[in-house]
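**Q** Since chain A is already given, all that's left is putting chain B on it; use the hints.
These are the residues of each chain, in order.
There are 2 protein chains.
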Amino acid sequence: MAVGDVSMPHMHVVQGVKIGSAEAYVRYPNRRDLVIFEFAEGTNVAGVFTQNAFCAAPVHVSKKHLEMGNPRYLVINTGNANAGTGKPGMENARATCYKLAELAQVEASEVLPFSTGVIGEQLPMERLLSGLQPALDSLKDSAWVDAAAGIMTTDTTPKGASEQFELDGVTYTMTGISKGAGMIRPNMATMLSFVATDAPISRELVQQLLKTTVNQSFNRITIDGDTSTNDSCIFAVTAQAGGTEISSVDDVRYSVVLDVLTRVMKRLAQLIVRDGEGATKFITVAVEGGNDTQECCDIAYSIAHSPLVKTALFASDPNWGRILAAIGYAGVKDLDVEKIQVWLGDVQICRDGGAAEDYTEEAGARVMAESEITIRVDLGRGQAKDTVYTCDLSYDYVKINADYRS
Amino acid sequence: MAVGDVSMPHMHVVQGVKIGSAEAYVRYPNRRDLVIFEFAEGTNVAGVFTQNAFCAAPVHVSKKHLEMGNPRYLVINTGNANAGTGKPGMENARATCYKLAELAQVEASEVLPFSTGVIGEQLPMERLLSGLQPALDSLKDSAWVDAAAGIMTTDTTPKGASEQFELDGVTYTMTGISKGAGMIRPNMATMLSFVATDAPISRELVQQLLKTTVNQSFNRITIDGDTSTNDSCIFAVTAQAGGTEISSVDDVRYSVVLDVLTRVMKRLAQLIVRDGEGATKFITVAVEGGNDTQECCDIAYSIAHSPLVKTALFASDPNWGRILAAIGYAGVKDLDVEKIQVWLGDVQICRDGGAAEDYTEEAGARVMAESEITIRVDLGRGQAKDTVYTCDLSYDYVKINADYRS
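Chain order of the listed sequences is A and B.
Residue 78 in UniProt numbering sits at position 78 of the first sequence, with consecutive numbering throughout.
Residue 50 in UniProt numbering sits at position 50 of the second sequence, with consecutive numbering throughout.
Bear in mind the hints are in silico, worked out from the structure with no lab data behind them.
Everything numeric in this text was worked out from a predicted model, so none of it was measured.
Don't take each hint at face value.
Pairs count within a copy or across copies, as identical chains cannot be separated in the list.
As the list claims (entries may be wrong) - DMTMM-like, lysine to aspartate or glutamate: derived pairs with alpha carbons at most 25 Å apart:
{"id": "1", "residue 1": "K339", "residue 2": "E38"}
{"id": "2", "residue 1": "K399", "residue 2": "E370"}
{"id": "3", "residue 1": "K211", "residue 2": "E338"}
{"id": "4", "residue 1": "K333", "residue 2": "E38"}
{"id": "5", "residue 1": "K63", "residue 2": "E370"}
{"id": "6", "residue 1": "K140", "residue 2": "E110"}
{"id": "7", "residue 1": "K87", "residue 2": "D358"}
{"id": "8", "residue 1": "K87", "residue 2": "E362"}
{"id": "9", "residue 1": "K333", "residue 2": "D352"}
{"id": "10", "residue 1": "K87", "residue 2": "E361"}
{"id": "11", "residue 1": "K63", "residue 2": "E121"}
{"id": "12", "residue 1": "K333", "residue 2": "D298"}
{"id": "13", "residue 1": "K266", "residue 2": "E362"}
{"id": "14", "residue 1": "K87", "residue 2": "E126"}
{"id": "15", "residue 1": "K399", "residue 2": "D317"}
{"id": "16", "residue 1": "K399", "residue 2": "E372"}
{"id": "17", "residue 1": "K64", "residue 2": "D334"}
{"id": "18", "residue 1": "K266", "residue 2": "E126"}
{"id": "19", "residue 1": "K385", "residue 2": "D298"}
{"id": "20", "residue 1": "K385", "residue 2": "E288"}
{"id": "21", "residue 1": "K339", "residue 2": "E91"}
{"id": "22", "residue 1": "K63", "residue 2": "D334"}
{"id": "23", "residue 1": "K333", "residue 2": "E372"}
{"id": "24", "residue 1": "K64", "residue 2": "D336"}
{"id": "25", "residue 1": "K399", "residue 2": "E362"}
{"id": "26", "residue 1": "K339", "residue 2": "D378"}
Bound-form chain A, shown alone:
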């Protein structure tokens, strides 16, 4: 079960975005597993994709099509990742674009394909292509919740975030969905996320906004350290709510949009961690006092990836020695352990590299019993800081991943 409040908020409509879906029987019958996004003409679209060398066929195709110009359609299937599928996989990803382009009367390069699910099997093309027309027929602007459900794999809950904000008297909307619960780690961790706004933003700034906010959200979460072959995050700006274009970072409206997008992206990213496979706890690892953000990140990830720390969190065992060990092997050079402070919640567990004298097991156990825990580390050597979000490692993680294909 997901940790904390993961409820779907009211998903405000984004003008210029329509969503359709269908049951295409990609892997299982009788489930919504095919989703189509339609963007109004003139929509600016930016994307970031997995760094995995074995990136999936649809990722190759989406990157190429995005370079060629703004897409009008996204087509997303769950149940099959179309990764590790060689040339037939590439052909299938392209064929999906061709077919949708033909039905929607656009160029094939105006379609971006996305897939998520099992790696290494070919898509059931006949069933998938047959689902495109019904999905197109169902296009409407209020289907964000259906889309969130339609892209789930091992997720236990659909994931959405939505905000409205005002610029110069005009009300705009920022709405997005994400999916992912396993194979989650930095470098595009989400597996899939789609965010859209009807605010008017120039193409250059759209890409910049996406990169900046992904680095504070999806690139700061980890569940199991496994970088997926399919991770993609798309940000679409329709500009359909009117107003003059925001084309400079010096425009005061830019910082408002940045704030809203950061909140939406962080929420969508954290929802993935809260729904982490087998997760019983939501963990914030905040590292401060570093020379640069890279070393703060290295240490935060070292803690967040340690199976020993994660099982101790699952057991509500304040076994803080495992946290110190993870700090120690993060590979940060010239670390002076005698300057290091560590807190579990509001309880200091490590002072100047050793056990804090006033620390008690009772105080540690009180923090560990909570379902949302912050591990804070001060390296005592600089001003940089960074934060990573993760979950614990439970029996159910093993169960889910040992059973996934059966």
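**A** Just chain B now, kept in the frame of chain A:
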């Protein structure tokens, strides 16, 4: 339970090495938890230690004492790692050396201390020091099996290897023990290992032999990716069986010793993986066709650390897509996935970056059902190769580490 044959072999006596042990009640009453090694005068000793910045107090003291000259005694306690213990921890490690030195009439710097167990608690010094005399009183040359049992923590089985070999008509012995089942990863993975021989080898070559063989054994295993604060491996050469000193790598006898030591170290390292926490399978990850051994290692470890690969191995599920994904995110530059071949045992699962056409789930399932599995990867871009050993990730790993302190 450990995987495969982990039985203790006949542990041949090493001339010039005596071993004693006692029940000091470091953590639990009525168990052998204190071990002492005594080396004959003139014994050459080499050591390698953890790279963890939070290395334990006894590691600091052992490194310093080893720089000062050859030790005559090792003193090892289990139950408490004396790590993350600050200045009191350093004082306790030194006090242990002083006390043993006083009882044995040597210099304190001729004693190396070792600890393994829970991190972050102070040693029960009164009980530990009281155990030293009984341990000294029990010194005898045939106590290797007792020592292997006396250094165990979460190990389910004591670990030993022993060989005899002949050089110029003289029979020599190489005998060693190791311990460790969790917090195991490269850069001195063993937690603790002690190996001795009575062959005559010069001090310089002792250190070189240790470094060379550690890199093919303890530095090539991983269970959970957690580098311990206490890892140490000691190689002691007593030269007590006679013969002229081996002082050059060109001496034909050197390569004989190197072969024997490599086998003994590999066996001791693999025993740790076979006894990995919750392990049900022993996995060999062999990567070949790389530009250099580093990239072969990077990919082998990426596979060996992936929780998704490890849970699939536990489930006997030939979910080879997870192996491809782990290869893809290993961070190796300019990887041409279309040149990559992957085998599960004798079954080729991936040909030229995609599914092998003749692969069947039945063939994959047959290999995955075995308790010893080799994953072989050919990168198709060079002559380098390297091999890493690991185990699967099971419910019991979580259980053991969620319960360890209770």
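**Q** Does each hint fit the structure? Answer for all of them.
**A** Consistency of the hints with the structure:
no. : hint         : in the structure
1   : K339 to E38  : neither (54 Å within a copy, 38 Å between copies)
2   : K399 to E370 : both (23 Å within a copy, 20 Å between copies)
3   : K211 to E338 : neither (36 Å within a copy, 29 Å between copies)
4   : K333 to E38  : neither (49 Å within a copy, 36 Å between copies)
5   : K63 to E370  : neither (42 Å within a copy, 41 Å between copies)
6   : K140 to E110 : within (19 Å within a copy, 80 Å between copies)
7   : K87 to D358  : between (62 Å within a copy, 16 Å between copies)
8   : K87 to E362  : between (59 Å within a copy, 24 Å between copies)
9   : K333 to D352 : within (18 Å within a copy, 39 Å between copies)
10  : K87 to E361  : between (57 Å within a copy, 20 Å between copies)
11  : K63 to E121  : within (22 Å within a copy, 53 Å between copies)
12  : K333 to D298 : both (11 Å within a copy, 20 Å between copies)
13  : K266 to E362 : neither (33 Å within a copy, 43 Å between copies)
14  : K87 to E126  : within (18 Å within a copy, 70 Å between copies)
15  : K399 to D317 : both (22 Å within a copy, 13 Å between copies)
16  : K399 to E372 : both (23 Å within a copy, 21 Å between copies)
17  : K64 to D334  : between (43 Å within a copy, 19 Å between copies)
18  : K266 to E126 : neither (37 Å within a copy, 52 Å between copies)
19  : K385 to D298 : within (11 Å within a copy, 28 Å between copies)
20  : K385 to E288 : within (4 Å within a copy, 40 Å between copies)
21  : K339 to E91  : between (56 Å within a copy, 19 Å between copies)
22  : K63 to D334  : between (40 Å within a copy, 18 Å between copies)
23  : K333 to E372 : neither (31 Å within a copy, 38 Å between copies)
24  : K64 to D336  : between (47 Å within a copy, 18 Å between copies)
25  : K399 to E362 : between (31 Å within a copy, 22 Å between copies)
26  : K339 to D378 : within (8 Å within a copy, 45 Å between copies)
In summary, the structure is inconsistent with hints 1, 3, 4, 5, 13, 18, 23 from the numbered list given earlier, while agreeing with the others.
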